[in-house]
Amino acid sequence: MSKLIELEKQANIARQKIIKVTTEVEGGHLAGSLSCIDILVVLYLNVMNHNPKKPDWQKRDRFILSKGHAAPALYTVLAMSGYFKEKELYTLRKINSRLQGHPDSKKLPGVEISTGSLGQGLSAAVGMALGYKYDKNKGQIFCLVGDGECDEGQIWEAAMFASSNDLMNITVIIDRNKYQIDGKTEEVMKLEPFASKWNSFGWETEEIDGHDLEEIKKSIEDSRGRRVAIIANTIKGKGVSFLENNNNYHSKPCCRKDCKKALVELSKKYEMIV
Amino acid sequence: MDLKSTREAYGEVLIELGKQKKDLFVMDADLSMSTRTCFFAEKYPDRFFNSGVAEQNMIGVASGLSKTDKTVVVSTLAIFAPGRSYDQIRNTLVHSNCNVKIVVTHAGLSIGKDGSSHQSFEDIALARVIPNLNVIVPCDEIETKAAVKTAINTPGPFYIRLGRPEVPIINKKDYKFSLGKGHVLRKGDDITMLGCGIMVFEMIKAAKILEKDNIIAEVINLPSIKPIDKDLIKRSARKTMTVFTCEEHNIIGGLGSAVLEVLEEEKGIFLKRIGIKDTFGESGSPEELFEKYGLSANKIAETVKLNLDKKSY
Chain A
283 MSKLIELEKQ ANIARQKIIK VTTEVEGGHL AGSLSCIDIL VVLYLNVMNH NPKKPDWQKR
343 DRFILSKGHA APALYTVLAM SGYFKEKELY TLRKINSRLQ GHPDSKKLPG VEISTGSLGQ
403 GLSAAVGMAL GYKYDKNKGQ IFCLVGDGEC DEGQIWEAAM FASSNDLMNI TVIIDRNKYQ
463 IDGKTEEVMK LEPFASKWNS FGWETEEIDG HDLEEIKKSI EDSRGRRVAI IANTIKGKGV
523 SFLENNNNYH SKPCCRKDCK KALVELSKKY EMIV
Chain B
168 MDLKSTREAY GEVLIELGKQ KKDLFVMDAD LSMSTRTCFF AEKYPDRFFN SGVAEQNMIG
228 VASGLSKTDK TVVVSTLAIF APGRSYDQIR NTLVHSNCNV KIVVTHAGLS IGKDGSSHQS
288 FEDIALARVI PNLNVIVPCD EIETKAAVKT AINTPGPFYI RLGRPEVPII NKKDYKFSLG
348 KGHVLRKGDD ITMLGCGIMV FEMIKAAKIL EKDNIIAEVI NLPSIKPIDK DLIKRSARKT
408 MTVFTCEEHN IIGGLGSAVL EVLEEEKGIF LKRIGIKDTF GESGSPEELF EKYGLSANKI
468 AETVKLNLDK KSY
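Residue numbers (my numbering), protein chains in the order written: chain A, 283 to 556; chain B, 168 to 480.
Only chain B is shown next, with the shape it has when bound in the complex (with noise of 0.2 Å):
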C-alpha cells in the first residue's frame, strides 16, 4: 500500500482548492513546515498570514478576516488548537459562526518523540462539546483531501484532526467524503469494530488477526465524530451486540465516548473503548509508544479477546 501522510494530504489539497477558490485564505501560527501550509504559502502569497507564536490571536483574525466574505482555514498542532486557543474558538470563531476551518495536524500518540507536551489526546472531547462545531478525523491521503474539499465548501466552523507520520492509503480513488457518514470496510457479524484516524489502519490488521481466531470483525471508519453516523452504529451494534472502540485520543470524551452516547439507549450490548487510558504520554517513537499504550493491532486483537472472554462468563 502506498504511504502518505495526512498532513502532507492536506497541504497538496490546500493547493488545488486554492487555484480554485479565490477568497480562501490560510493563516498558521508558526508552524507551516509541520502542517504543511507552507506549500500554500508558497504559491499564494498574499493569501496567507502568518500569526506567529501567537494562536489565540490567529483564531481572532481568521474569525474576523472570514467576516469580510471569505473562507479561512487556520494551522497549528493539535495540541494548540483547541489547547492553547479555546476560549477564542469558542466565544468568537463558532459562537459567531464565523467560516473558519480549524485544521490541526500532529495529532495523538503518533507525534512520536516530541512527548506528551505535545501529544494532544484531548482535542476531539474539546472541540466536539462545543455546539456547531463539525468535527472531522480522516484515516488516509484520499479521505484527507475529500473532507478538507467538503469542510472548505461547507459553509461555518470545522475541526480536522491530522496526523504527522505516513500512514497508508485505504480507501479508493473514488471515495466519497459525506460530512456525519461512516464507512464499513470490513463486513462481519461477530464484533463491531469503530475507530477514526491512524486507527482506521490498525483496526483493519487487527480483524485479520481476529479472523485467526474465528471472530469475524465488522470494521468501521467514522471520519465524521460530529455529525456521527447514528444509523450505521446502531444497525451494526444490533448485528454483532459486541462493539470495541479505537482512538488515538482520551478514552474520555473522544470517539468512543461519542460512540457510546449514540448507544446509551440500547439494551445488552457490551462496548469497550480502546484508546488512552486518561492519562499522558512520552518520548519514543511511534511504533513503540503504539505497543506500550495498546494502540497497536496486536494490542488491539489482544484486547479483543480478553474481553470476549470475560463477556462469555
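Extracted from the complex, chain A is given alone in its bound form (with noise of 0.2 Å):
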C-alpha cells in the first residue's frame, strides 16, 4: 500500500512537472499528456524492468509511445527515472533540443522509436515483440495508443498481425480520453463497441480506471505473457478542474495564470495523498 501513495504522490508530481514545463516553453499537447501520466509512470517507475544508465539493456521491457503527441508526458517519466537530468525538460520543443515536439529515436535515449505520425507506433510495437518471441527474449512490449489514433487502419493491420503470429508478450494500452482533436471520438469517428473490436481482432481486452493506480498496477502486471489490450478510461486534462474535459487544452499548455492555479491546485491534492 505504501508503495501505492509513493506513486500517487509522483504522478501528482509528473503532473506538476508537465504543467509547469508546457507553460514554461509555452507549447505542448497538455491535456492528452494528463490524461496518461497515470499509466506512464506506472509503467516507468513501478512495473517496467528497464535500465536508465543501460538504455540499450537486452532483456528490457520496452514502451513505445505511439501517441507521440504526449511526449511531455513520456519525456517527464524518462527524466524522473533517470534518463537525463529534468532541467532539460525546459528544453521542450526548442531548437538544439533532444527533447523533440515528438519523440525522436536518433535524439533520445530511451525512446525506443520515433513516433508522432499516429497509427504507426504499434506496428513498431509489434515487430519489437516478434523479435523478442524470436530470441525467447522474456521481456513485455508496452505500447501506449490514443483513442483517436485508432481511427487508422494501421491500428487494426498491426492487430491483426500480432494475433496471426501468435504473440504472447505485447500490452496495448489504449488510453481512452474519448476525445480527439476535432471533438469526442464518437461524434468524429464512431470507436464503440470498442473492446469487442479488439477482442474480434484476437486480443484478450480489459477495462480499467486509467486513473486509479492500483488497478493500471494490476492489469499491467498481469498482462504480461500474454496479448492483452487494455482499454483505459481516461480524463483528458484529468487533475486540474479547468483542464478536465477540455479540448482546447489539447495541443496548447496552460498560459502563466492558469499555471498557476492548476499548481495550486495540484499542490493541494498532493497534501491529502496519504
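The calculated DSS-like cross-link candidates involving lysine-lysine, where the alpha carbons are at most 25 Å apart (straight line), are: (1) B/K186 / A/K415; (2) A/K418 / A/K336; (3) B/K188 / A/K418.
Keep in mind the hints are simulated off the structure, nothing from the lab.
Each chain sits in its own coordinate frame; assemble them with the hints.
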C-alpha cells in the first residue's frame, strides 16, 4: 500500500512538471499528456524492467508511445526515471533540444522508435515483440495508443498481425480519453463497441479506470506473457478541474496565470495523499 | 548474353545471405512469389514473416523487428513501397534509422500488361527526397546480387528498385558494387549517356546505333542514385558537354533530376532527360510500351540525334 501512496505522489509531481514545463516553453500537448501520465508513471516507476543507465539493455521491457504527441508525459517519466536531468525538460520543443515536439529515437536515448505520425507505433511495437519472441527474450512490450489514433487502419493491421503470429508478449494500453482534435471520438468517428473490436482481432481485453493506480498496476502486471488490450478509461486534462474534458487544451499549454492555479490545485491534492 | 530478371537474382542472393547471416529476416506483403522472397521463405521459414496485403504495417513491423538487433529486408512491388507506405517509411523506418532494406520489384514500365495502376514511375523521386535513405537501381543479375549484399552488410535504411522482366547480364563476374559509385561501360567523347536499371542495356544498344552516325557515346551505369557519383558525372559531362539521362521513371524527380542537380553549377552543358514524360502508363507488352514511350534503344538514339541537331543551331 505504501508503494501505491508513493506512486500517487509521483503521479501528482509528474502532472505538476508537465504543466510547468509546457507553460514555460509555451507549447506541447497538455491535455492528452495528463490523461496518460498515471499509466506512464506506473510503467516507468514501477512495473517495467529497464535501466536508465543502460537504455539498450537487451532484456529490458520496452515502451512505445504511439500517441507521440504525449511527448511531455514521456519525457517527464524518462527524466524522473533518471534517463536525463530534469532541468533538460525545459528544452522541450526548443531548437537544438533532444526533446523534440514528438519523440525522436535518434536524438534521445530511451525512446525506442520515433513516433508522431499516428497509427504507426503499434506496428513497431509488434515488430519488437516478434523479435523478442524469436530471441526467447522474456521482456514484455508495452504500447500506449490514443483512442483517436484507432481511426487509423494501420492499428488494426498491427492488431491482426500480432494475433496471427501468436505474440504473447505485448500489451496495448489505449488512452481512452474520448476526445480527438476535432471533438468527441464518438462524434468524429465512432469507435464503440471498442473492446469487442479488439477482442475480435484476437486480443484479450480489459477495461480499467486509467487513473486508478492500483487498477493500472494490476492489469499491466497481469498482462505479462499475454496479448492484452487494456482500455484505460481516462479523462483528458485529468487532475486539474478547469482542464478536465476541456478540449481547448488538446495541443496548447496553460497561460502563466492558469498554470499557477493548476499548480495550487495539484499541491493541495498532493497534501491529501496519505 | 545470358538473361535473368533482377528479382530472380534477388531471390537467389537472399538464400545465400540467409545462410551466412543468422540475424537476417525477410518480410513480404502477400507478393512473395512475385518478388521471389518465397525462395528465402521456403528455406528459412522461421525468419520469414508475411504481413498479408498490409504494406504500412509491414514497414512498421520490420522497423520494430530491426530494433531487436536484426537486419530486416522487406519486399513488395515498387508501386506499394514507397507509394502505399510512404509515411511509414519516412516517419517510422528512416526517421528511426532502422536497419531495414526495402527491396521492391516490378518497377517502371517494364511490368507491362498490368497497366498504369501497377506501373511505378514515381518511386525513385519519393525515395530520394527522404534524408538518409540510400537509393539503388541495379541493372542486371550480378549488380543486383552485389548491391543487395552491400545493403545488407551496411547498417541503415536502403531502397533497392528491381524489375520484373528478364534482362541481359551486362556485368562481369568480378564486378564490385560500391555505394555512391558509377561505372563507365563504354568510353566516348561526343555525348554522355547516364542511366540505371533496365535502361542500361538500352543505352548500350543505342550507343551502337549512334556509332553508325559517328556519334561516340560515353555510357555510364549509375546504380547508386543516392548517394550519387558526382565526380564521375561532372568529369564526363565536362568532357562531352552533352548529357542524356535514361530512366524507366518519370523525368521529374528521378535519375535525370539527380544528375541535373549535380550539374547545376556547371556552365554550358546541354542536358536532356529521357524517361516517362510526366504521364501515367498503360497496358501493353514491355517492348511495345518502350517503343511508344520512347525508352527503346531506337527511340533513345532518335532522341539523341534530334537533340544534337537542335543543339547545333
